[in-house]
Each structure stands twice: as C-alpha cells, then as structure tokens.
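Those protein sequences? They're chains A and B, same order as listed. What the first sequence shows, in my numbering, is residues 1 to 384, in sequence order. What the second sequence shows, in my numbering, is residues 1 to 138, in sequence order.
Calculated from the structure, these hints are not laboratory results. Small disclaimer: the values here were computed from a predicted structure and weren't measured. Even glycine gets a Cβ: it sits at the ideal position worked out from N, Cα and C. Some hints could be false.
Examples of chain A residues toward chain B, derived with CB under 7 angstroms [said to hold, decoys possible]:
no.: 1; residue: Pro130
no.: 2; residue: Glu152
no.: 3; residue: Pro194
The calculated label-pair distances, taken between Cβ atoms and stated as ranges, are [said to hold, decoys possible]:
no.: 4; chain 1: A; residue 1: Thr185; chain 2: B; residue 2: Pro37; range: 43 to 53 angstroms
no.: 5; chain 1: B; residue 1: Pro51; chain 2: A; residue 2: Pro118; range: 35 to 45 angstroms
no.: 6; chain 1: A; residue 1: Asp153; chain 2: B; residue 2: Val52; range: 48 to 58 angstroms
no.: 7; chain 1: A; residue 1: Glu229; chain 2: B; residue 2: Val52; range: 53 to 63 angstroms
no.: 8; chain 1: B; residue 1: Pro51; chain 2: A; residue 2: Gly304; range: 33 to 43 angstroms
no.: 9; chain 1: A; residue 1: Gly304; chain 2: B; residue 2: Pro37; range: 33 to 43 angstroms
no.: 10; chain 1: B; residue 1: Glu125; chain 2: A; residue 2: Ile81; range: 35 to 45 angstroms
no.: 11; chain 1: A; residue 1: Ser242; chain 2: B; residue 2: Asp29; range: 51 to 61 angstroms
no.: 12; chain 1: B; residue 1: Asp98; chain 2: A; residue 2: Lys72; range: 55 to 65 angstroms
no.: 13; chain 1: A; residue 1: Thr125; chain 2: B; residue 2: Val52; range: 19 to 29 angstroms
no.: 14; chain 1: B; residue 1: Pro78; chain 2: A; residue 2: Gln357; range: 39 to 49 angstroms
no.: 15; chain 1: A; residue 1: Tyr245; chain 2: B; residue 2: Glu124; range: 27 to 37 angstroms
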Amino acid sequence: MNQMPQGREVVVAGVGLHPFGRFPEKDLATLAMEAVLPALEDAGVRWKDIPVAYFGHVYYQGMSVGETALGKLGLTGIPIINVENACSSGSTAFWQAYWGVTTGLYDLALAFGAEKVPRGPVTVTAEDSPDRFIGGDHMMAGYALRMRRYMEDTGAPASALAQVAVKARQNGTLNPFAHRNTTYTIEEVLESRPIADPLTLYQCCPTSEGAAAAVLCARESLGRYGIDESRTVGIAAAVLSSGSYNGRGSDHSAFSPYRTEPGAIQAYEMAGMGPEDVDLVQVHDAATIGELQQLESLHLTPFGEAWRATTEGRTSLTGDIPTNTDGGLLAMGHPFGATGIRQVHETVTQLRGEAGQRQVPGATVGLAQCSGAGDVTTVHILKR
Amino acid sequence: MPESIDPQRLRLADDERASGVLLGVRCLDCGVTVFGPCAFCQSCTSDRLEPVELEGTGVLYSYTVVRVPPAGWPGPVPYVLGQVELPEGPQVLAEVIDCEHDQLKIGMLVELALQAVASEGGTEEKLVYKWRPAHPDD
Ligand SMILES: [Zn+2]
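Using the sequences and the hints, build the whole thing.
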C-alpha cells in the first residue's frame, strides 16, 4: 500500500481532449489521436521527443490499440503500454506516467486514454461468471444499494441526491466538450426513468465515447524541450490503490463506498497538504451518490454531510468546494479510459485560469479522484 | 439435479432436495470471517484460515429494485437485489425472492433460498443462492 518515495518534481506540460459523446464515424485510434495531437501542441513538445506512452482503455477494440493510435503519428519505436484498470484506466495511465518521470526513468511521458463504451447497463465480470446469474453484476445497482443505505443512515432526501445531477448539468452547459449540455430540474431528475430504485436515469452518467491526453515532464528538464514553464501545472501527489479489507468480508465492490479514504490520506501526505488546501475537486460521479461519498472519503466534508453541503450550494462553482466543475461524469459522460485524464484536463485548465465561464477564481490546488471496479481508486493532486 | 452456481461459495447438500450452505473462511489469528475463498486473511493476511459454513440467515443491509437488467440476466424483470449482512460479519449480495416490493425494509430478516436458473438461451440449469423473507415462527 505504501507509495514509492517522491523523486523529481513533475509537471503537466500540456493537455488535450476530444469531445465526449457518440462518434460512430471514428474508431478508437482516431479518437485517441485527436486528443494526443492537441496535448502535444498545448505542451509545445515535438512527437519525436516523447520517450514513453501509457494508454488507458477497457473495451476490446483490437489488440495494442495504443500502438495503432500512435502509429498514426509516426513510428518512433518507444515503449507503449496499454492499461486496463476499469473506470480508472485513464487515471492509472497518468499515475504510471508520473512515476516514470519522477523516478528519473524518463524526462517526458504521454498519458492518454480513449473509449467507445457500448450502450446499456455496465457489467464487470466475464460473460460466464457466476455473478451474471446471481444478479449483482450491475454497476448502477451497486450504486443504488449504496444510495438507499446512505439515505437511511444520513436522512438525506431524494431531492439532495437529485441536486448533484442538476448541478452537474449546469456545469456541463458551460463546457463545449460535454456529452450532455442541457439542464433539468430536481423534479425532472426524480421523475426520469427508474433504473435501479432509488436511482433514476438522470442520476446515472451516460456511457460515452471520447479521448483525453496529458504530457508530463520533469520540471528540471523543461528547458531542454523548449516547454513554457509559465503554463505548466505541478503534480503534488499521484496515488493508485486497490481494495482493502473494509470490515465486511465483501464479495462486491459496491460494499465499500468509502474505499477512497486510504488513498486520499496517502495523497494528502505525499502533497504535504490537507483537504482545507483544495480549491476545486473532480470526483467519480458515475451516479449521484458517488459524488457525495467521494467528497466524504476525501475529507472535504464530514461523513454523512456531503448531501447537506450540496443543498447549501457549497459544491457549486461559486461554493467553497467546487465539485466536478466541467460537469463530471454525469454531464461529460464516461468513456472509461479517457475519464481520469479528462479530470486532469479540467484541473489543469482551471489552475491555468483558462476555464472561461466555469472558472473558479484564484484556484491554485485541484484534486482529481477516479474509481474503478476492483475497488481501484486514484487520487491525484495538482498545484499551480 | 443441477450443480451449484459456484461450488466455492455454495455447497449443496447430498440429498435430493435443493438445500445447501454458504461457504467462507475464518481467520484463526484475527477472527475475521469472509464469504467465499481466499488464500490469506483479507484483514490481517494470516494463512491460518479454517473453512466455515455460514449462517443461513441474515439482515437486509440495503436493497434495490432493478428495473433495467444487465445483459444476459436470466431472471424476471424487475428483480430485487439485496445486500445481506450475516451474523458472522460478511455481506452477501443476491436476489431477494418471494417478497412484495412494498414489504422490503432495511433491517428485515432474510434466509437463504436456492433456485434453479438456466442461462439465457441455455439448457443447463444451476442452483443459485438467493434470499427470501425469514419467518422465524414457521
Ligand atoms: Zn486475520
């Protein structure tokens, strides 16, 4: 569980994003390439200088898709690693890129992710797994179980959970890259099609297609590659963890809503910061309940109180815990391999002060948290 | 007679009736019990583990009525998914049967039930563990 000691200081030099949505005319490699090129341009880095690349994706679209995508940029013979870590695949690729650079193995690294998620409920296990018969292999049903228990334990009303989705959609309207760009009311959220009670359709993120990319560089090497330091954003912590015993001896990840907490504690320690230092946060809001429990796991609100922070407007763009400022999974949509790097893209954009209408004024520290099946969680902290 | 959906988690009785018991392991060092197999204790990593048969009753910790099922779900729709806490500690996720939706309640007592289930389009049946409301007075 312990991370390696921190080595060289690493920055995000550039980010790129392909809009999230449905793009039947583009294959996965094309989507990926259309995020990588803007990232290279944003960093001001030449393709021939990239020494390693990590590619996050989940659904099978042919073997070695990372190589196929980057092959369209030109063959340079570098190591390209295809990463699958469920919904955290992109943020895991970013984690690997960070550790590749901080340890001195590489000066630069490319982390990118892309996905074309099939429509319909998301399952985790293999097709012949017993869990398909037992009925528990249903991502949103897992969130529904957590939601009902949370409402019972905390007294949170259904309207408070719906408010998470309303806020996400409002932020999404300020983001041209979002899969969904219309708003709805609390009533419309609650009256939308029931998926797994008490979760309704508008409280579940859309499954999507899209891509995201980030170029990382050792701060001490920026000059060597002609990178403009003034637009870089430092990486204060990059933490990846998997499931640990949660007191339940569970057989399903839905049982551990607060699994992010150990990773959060590690990340704060690594950054030499606390939750009070965080100016904005991106969390894994695959369903509304996810956002609330992640905020609590990150110690940004006390346990059982994130719903109240939400109804009080504290998680909105003008609140003191601006959350999922780009619309999160609920408005952006969720192309698994891209999501974690999309969070980095938004955090970098905000910390550069380039987020336009959704800018959080004066933000200097941003946190990005991403969850995946297998109790995977990543917590990355960026600072300007 | 159909076989167990997962012999490492559900052992069927040797008789002709569809009865069985959930399996787990208990740690001899820290006392933690988990559902299903593991090589090392999930809590303390000890390898001093003993196989145990788990209680056939538990308490409903949470539940959901699933209205949009995952691909390949072989049962009726909607169906109830229950997260059940056993007296030994672990939680077991399975369908709750024989219960009206308006009778579902967090904290209610449930008991193990077995049902033969055929996969979608398949002919081979497996016995699957489920939960149903417990009636201690019966
Ligand atoms: Zn133990």
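Indices of hints not satisfied (ascending): Numbers 6 and 11, in rising order.
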